[in-house]
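Protein chains: 2
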Amino acid sequence: MNKGMLIVVSGPSGVGKGTVLSKVFESDNNLAYSVSCTTRKPREGETDGVHYRFLTEKEFLENIAQNRMLEYTVYCDNYYGTDAQYVEKLRESGTDVVLEIETNGALNIISKCPDAVTVFIAPPSLEHLYLRLSGRATESRDVIEKRFIKAKEELARIDNYEYLVINDSVEKAAEDILAVLRAERIKKYNKNNFRGVLL
Amino acid sequence: MNKGMLIVVSGPSGVGKGTVLSKVFESDNNLAYSVSCTTRKPREGETDGVHYRFLTEKEFLENIAQNRMLEYTVYCDNYYGTDAQYVEKLRESGTDVVLEIETNGALNIISKCPDAVTVFIAPPSLEHLYLRLSGRATESRDVIEKRFIKAKEELARIDNYEYLVINDSVEKAAEDILAVLRAERIKKYNKNNFRGVLL
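Residue numbers (our numbering), protein chains in the order written: chain A, 14 to 212; chain B, 14 to 212.
Calculated directly from the structure, the hints in this document are not laboratory data.
Where hints are given, some of them may not hold.
As the list claims (entries may be wrong) - Stretch by stretch, here's where chain B covers chain A in the computed footprint (C-beta under 8 Å, at least three residues):
id, stretch
1, 32-43
2, 136-143
3, 202-208
Note that beta-carbon positions come from the ideal geometry of N, C-alpha and C, so glycine has one too.
Let the hints inform the model, and build the full structure from the sequences given.
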């Protein structure tokens with residue numbers, strides 16, 4: 014059995030990562046979503062252990078101190094991070110694991126796991142992104158501006174990612190990611206599987 | 014406009030490269046098949062300029078002498094090669110170009126064009142390949158044995174290729190290659206196209 018791949022997916026707030034990834038998970042059966050830990054407050058409809066593992070700042074800092082985070086970062090005054098052991102267990106079982114993380118965390122992963130597959134989801138335009146962020150009625154004007162500035166910073170980092178997917182259509186973006194997953198499996202797994210055939 | 018990619022496809026004689034690639038070309042509109050030059054005799058049903066450009070040995074050697082071949086090799090006592098200018102023109106027009114060549118030629122291309130996408134098509138087993146080669150009634154027992162030995166040599170070189178596609182089903186193998194093409198375009202083209210958005 015092959016060890017599962019690590020797939021890092023980033024993209025600015027408001028780009029529609031969640032919707033695109035939902036479509037991807039509907040069509041791909043060997044994929045697990047790595048539930049991040051965070052200290053931010055749950056939004057309406059978010060469930061602990063499903064969307065995030067919601068931790069207190071004290072709990073999060075303990076995890077860091079015990080070296081249990083694969084990566085972590087501070088984003089808009091909250092901690093976000095990935096439990097290393099949890100991801101490793103999934104990969105050892107042969108499952109490919111998707112980490113949806115922002116660019117600082119992603120850069121940490123890329124340096125620690127050079128074989129990670131890295132995907133950046135970008136909006137078709139900055140205007141498009143601003144409209145999407147403004148449309149989120151739950152956020153104040155101040156938070157929207159903050160997220161938009163952060164988004165532009167993140168977009169400046171696309172060169173650190175191997176694959177750039179443009180979300181001009183959810184279906185197309187999801188199919189793009191499914192093609193990337195299929196191609197990476199052909200690259201990473203088939204040679205291992207084939208060696209037995211030649212013996 | 015992006016310059017077209019160079020896609021190198023290899024695989025042993027009898028693996029079914031032609032059938033798989035036909036399926037790929039049916040579904041992909043930005044793809045051109047690079048017609049190789051050869052000094053071997055046309056098989057029944059093969060048309061000059063479509064399956065190969067059939068050259069005399071004198072013509073082929075002149076092309077080599079004039080440095081007009083992107084790669085060439087001798088295989089089963091015949092010359093095979095790729096006209097460099099012909100491929101370059103296609104790529105400059107934005108078309109992705111598929112070169113179906115054997116492993117010696119491919120290794121030359123890989124060293125000259127490190128950004129080439131390399132795909133090796135393998136049979137599900139050696140037995141499977143031998144049966145396929147034996148089933149070709151047009152070939153003598155001697156030629157079959159020669160091709161089988163050559164096939165095993167080629168299979169020993171899969172590590173020089175990025176992608177290994179197993180032809181256990183023509184449909185699946187074609188879809189694998191289509192996914193590779195889509196992923197490589199996402200990798201190579203989208204970033205270029207996106208820079209304009211950020212300006």
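Hint check results:
With a cut-off of 8 Å between beta carbons, the stretch 32-43 of chain A has 0 residues touching chain B; three or more are needed, and the interface restraint is violated. Three residues within the 8 Å Cβ limit are the bar, and the stretch 136-143 of chain A against chain B gives 3, so the coverage statement holds. Look at the stretch 202-208 of chain A against chain B: 4 of its residues bring a Cβ nearer than 8 Å to a Cβ of that chain, three or more, so the hint holds.
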